[in-house]
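Trainee: Below, each chain spelled out in residue letters.
4 protein chains.
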Amino acid sequence: MNTKLRMGMIGGGKGSFIGAVHRIAANMDGLIELCCCALSSKPDIALESGKALFLPEERIYSGYEEMIEKESQLPEEKRMHFVSIVTPNHVHFKPAMMALERGFHVVIDKPIAFSLDEAKHLKQKVEETGLMLCLTHTYTGYPMVKQARKLVADGVFGQIRKIWVEYPQGWLSRLSEKDGNTQAEWRTDPAKSGKAGAMGDIGTHAANLAEYISGQKISKVCADINIVVPGRMLDDDGAALLKFDKGASGVLIASQVASGVENALTIKIHGEKGGIEWHQMEPNTLLVKWYDQPAQIYRTGNGYLDDVAKRNTRTPGGHPEGYLEAFANIYRNFAWALEAKLNGTEPREIDFPTVDDGVRGMAFIETVIASGQSDKKWLDFEI
Amino acid sequence: MNTKLRMGMIGGGKGSFIGAVHRIAANMDGLIELCCCALSSKPDIALESGKALFLPEERIYSGYEEMIEKESQLPEEKRMHFVSIVTPNHVHFKPAMMALERGFHVVIDKPIAFSLDEAKHLKQKVEETGLMLCLTHTYTGYPMVKQARKLVADGVFGQIRKIWVEYPQGWLSRLSEKDGNTQAEWRTDPAKSGKAGAMGDIGTHAANLAEYISGQKISKVCADINIVVPGRMLDDDGAALLKFDKGASGVLIASQVASGVENALTIKIHGEKGGIEWHQMEPNTLLVKWYDQPAQIYRTGNGYLDDVAKRNTRTPGGHPEGYLEAFANIYRNFAWALEAKLNGTEPREIDFPTVDDGVRGMAFIETVIASGQSDKKWLDFEI
Amino acid sequence: MNTKLRMGMIGGGKGSFIGAVHRIAANMDGLIELCCCALSSKPDIALESGKALFLPEERIYSGYEEMIEKESQLPEEKRMHFVSIVTPNHVHFKPAMMALERGFHVVIDKPIAFSLDEAKHLKQKVEETGLMLCLTHTYTGYPMVKQARKLVADGVFGQIRKIWVEYPQGWLSRLSEKDGNTQAEWRTDPAKSGKAGAMGDIGTHAANLAEYISGQKISKVCADINIVVPGRMLDDDGAALLKFDKGASGVLIASQVASGVENALTIKIHGEKGGIEWHQMEPNTLLVKWYDQPAQIYRTGNGYLDDVAKRNTRTPGGHPEGYLEAFANIYRNFAWALEAKLNGTEPREIDFPTVDDGVRGMAFIETVIASGQSDKKWLDFEI
Amino acid sequence: MNTKLRMGMIGGGKGSFIGAVHRIAANMDGLIELCCCALSSKPDIALESGKALFLPEERIYSGYEEMIEKESQLPEEKRMHFVSIVTPNHVHFKPAMMALERGFHVVIDKPIAFSLDEAKHLKQKVEETGLMLCLTHTYTGYPMVKQARKLVADGVFGQIRKIWVEYPQGWLSRLSEKDGNTQAEWRTDPAKSGKAGAMGDIGTHAANLAEYISGQKISKVCADINIVVPGRMLDDDGAALLKFDKGASGVLIASQVASGVENALTIKIHGEKGGIEWHQMEPNTLLVKWYDQPAQIYRTGNGYLDDVAKRNTRTPGGHPEGYLEAFANIYRNFAWALEAKLNGTEPREIDFPTVDDGVRGMAFIETVIASGQSDKKWLDFEI
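Protein chains in written order, with this note's numbering: chain A, 381 to 763; chain B, 381 to 763; chain C, 381 to 763; chain D, 381 to 763.
The hints are all genuine.
Which copy is meant is left open, because identical chains are indistinguishable; a pair holds if it fits in one copy or across any two.
Distance condition first, Cα-Cα at most 20 angstroms in a straight line; then the derived SDA-like pairs of lysine to any residue:
# : residue 1 : residue 2
1 : K474      : H501
2 : K623      : K757
3 : K757      : S599
4 : K623      : Q753
5 : K458      : G483
6 : K450      : G483
7 : K558      : Y671
Just so you know, the hints here were simulated from the structure itself, not pulled from any lab data. Since we're looking at a predicted model, the values are computed, not measured.
Starting from the given sequences, assemble the full structure and let the hints guide the process.
Mentor: Laid out in structure tokens, this is it:
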């Protein structure tokens, strides 16, 4: 293939946070071009937003149905290869299903859907069609996260025993959804977000990260789920004791009322011989700890790292990478895999979250919320 | 009073970790002199250890009974003012009771006793006798901890909502108690430590610190208690979801199998308007966070601190203080209070842990262990 | 204007570090498209590299002369708007002059040229033509650097007294230029780099950053310039005592033999009332220190920042940005200014380094090298 | 010897900073007892201060002459073993000489004297008498500093090339000496401090630390010495380019006008293969960097450290030690050496600063101040 991959974006018009992030991530490596969009359900905003992105008017659609429909009628060398769905949770399932049905690959923001049931249907459709679905669990895109996963998988720490993951934010410390904050509005609205607030928005990231690095799956959950800010409709805070399938135990904290905290996702994993510690807010550093030797500071971009970390880095050591690069890694890895699929060649990298992560994420939401409502100590994590 | 306070030490002979710490702490400010000791239940070690401390042979006793007995017969201006009990947990209660009965004040290492029942008896005896009992919950001795408590009490963060405390260590990642490590031996032995291992040794510190800074008391507990290292007899790891009496919720983690971690007690507390973060391993820094303003770095020894922090600091800003100074604050505050009591004057400082903290600590141990064994989600924290 | 700006790239073919960085930076915001290139002086590499970027063969040129010549003959709506010159230093001047003469705007990697004399000619040409020249002094693109500059300019620290800037790297700790490292080869070769090695490559960044934040210009220099690794042809290490025009004094350190250091550009500036500290390797944090109040942690992406910091940020607080975003800010600010110039409107942002920074950078190189060779203590910084 | 060593203190009465520090340091390990004092030249303060330390009135002297005279007449088993001199610089030489002449060992705060000439006389007297003189260059007392020195001496970094040491403070950012600050008064007064202000007070620490860790001696100096705060009589700021005798070069910064900085002594040393970085304000961490491997975090109190670090530590890993423990190491090492000398046995530890460090410190002051006044670039460091 000697052209860029063509992306159509659904959602992400003016005022969206995550839409702009997706576009930057897709742009970064020059592998993908935005070719069409349905950026808003409001036609004038859809048009204005599309023009600001230099798209030709004929490919600025007023809704995802129109976009998928019309694009599917374009000649193959012109029509989009995949859609990127960056709408609120309640508008994930339908455009994703429609895109898959018309033969388009899908990138979708997390959580994958509004309910576990939707997620399972998506998985079924992906399997039926053989198309690719990429879920943007950003934090697994960081090179130091991949390095951590590799060290654990290589067994350098022995059997993993403890997995502690915390994801505190402070931005919902006030009732901002009544104060004109559009991000707060939909994320705290059960009709748009689903069963969970904080646990869906950031708890799923924490759970995904814990499983990604540790190579263990959550098997039991005992959760305390809270609405801390009076008047809020969904959980803005919670914590869960966890058991994992290969014997580790741990704790997951997710809170959006940690006033004064930005986005402090942190994970600590310990095995018999040592462990790792990683902080999303200083993502280029991975602390590697040892039972009886000095801890080591692994840093992005250095020659001593594993290949998987190197392949997911753009700059040499000391030239810090960040959130957008991690996001771009997911797009780039998806692009490389899609390119290979289209060309019938070996992909250079296949490490990106898929529909399976999406299904586990929805199951996590359902389990953790059910546990929060239960008097029973442990609930099984079931899909 | 124009003499130093005289201390008799019980336990803390050769090979003891905490005995040496107590002596350094008591020495530091020149207010206390070690006048007699019963450092070991083995007479030769007791003698050798006492001589190494330059004590005259006639006041190197071969057991605490002898020491308390003989000291009580000495003239008032010569005999010890208080005992310092630094033995393993199962040898706390008897010497403390005997000392109180003979009119000696008591300093005692935490946890205060072997069981909640013993602790309650000690409390009763303290109240009966009007004598002072000081419990060395070291971490409340740090100036930045006192500053944090003051900020919370002053209400600068509004209502406190979240209390997260974690106390990971890695030194019991292996079965060291079978390997000649004397610290490990008694701390993992139910006959010497009591019902709990990690939860008694360090979990009590974490719980005490959480209550000390937040001004809230734990009211409900939901715990996961583990023996991680095969062959161990007491918990070496655990975590608990917590509810507090004034509305906060939180998580407490205590683990001695966090391989590669030294002594990383950390606390984060958040209210509506901001919060604090403190790390014991870098204790001179207190992060103070705000909902919509830059976080601040409070540092030991600076003019902007509250008086209570200043009174518990010996050096100017940038001349780091540590664990021994925090420990010495507890001794010094106890010494100032005892001096005032003996002189009938106002104490300069009364901020040190007492028998009440001891009772709560034992109740914490009993509750958290019971919760770990229960299928019920929440157990009430009762004394 | 309702199209992207069109960029032609000179240099930056396979194996180039900085070429890829320029492309990512230009791509990031979707304002610029790469329309043509002359990526290498070797025709086959030029072709292969251009095709890998999905450029049509007719616009993959075999040299910059051809590119500038042919592009200038294309119709206005098709031809490039500006060139981006990412070649080694000795190939900056000619393509830049040629581009300016043919009416193309210029982006150029630092240092601007091979000699101060070349730099002055470029400045003259820019002034003659009225075209724009943007110099990619990356580190001034960081939002926290802009915030620091704003705080200083606002006078919150009072008169600035001390400026300490250090830029250590370790990658030239060995004689890598004899070992096949192409980056090392040209950067240590006087025929390609110019009079200076480390002082040109990174010393100029440090000097530029110091002047940018402090608002003061270096007026006197006393330098110690070293070739540390035997066999090297240009300085790989140096330090200079500095005097500034508005009364500050300071120190600049630049070294490429700080073995084990990645890219640790750090600046500390102090005035009467406080100061700032910034570390490039953790660029989203700006320490703001006060004479008698707790230091503050300013963080990228927060509401309390100045507008200039906010305009140069893409993500909310806690979603770390890095080197590529800083680089992209320079491209984006240049793009916004160029767009405004082409449209005859007000630019949204004009804060990017220009030919004046380029001239000062070359003067810095010449002064600091002359000082290193002089027995006189202070040399005047003259242009 | 089966008694504590007896110390007589000269200076350090009410209001003194360093006197209290010396007493705590001497107390800490129970090896030394304060037996007499001449704490102030004002008799009432001398008496009051002595009584507050529980000293008997007959050994609270009104001046050092009286103290040395009368103590020398006491029986050997009662009289002091050594004096500790903690007066301002201009009152170092006379009491030290008198003590040595009367057969007393000496501990003395740095800088050793008022002038290089005085220092040389002290050295001569020490050599004549065979008595011990210990200089309290605190920072060499830290275990991680000793670990760093050992790593360098072991050659693990190869040939040392770069030595950068900085010692910024902010406490003299204002003209506090006119504002009742007694510390500021004498330290900025040439009649009491000597030729240098900041360079004597903290520059000597920095120079001593650089030489201690690197094992190299400063051989050439090129200094910029400033009085930044108008009205001040001695330098409050300076920097020097340095050459060392075994080939390293470097920079030393010492400033007391770094507004908002506490006591941020920092040293970075690099050899061919790696290097170290140490920050006094977080002294239990030593960064050990490697050319092509992850950096390591050496931490006080761990089993992997060298014996010299272990011998100078009192607590296990993660129980932070600080400034007072470092200071106490100097006293303890002196005490151990003195005890061995008195007993005719092998000392357990001889690592403490001596009169030789004192002479080099005074030579540093004279050289750096002379360089500051010279137009010549480099001055030789001569004694």
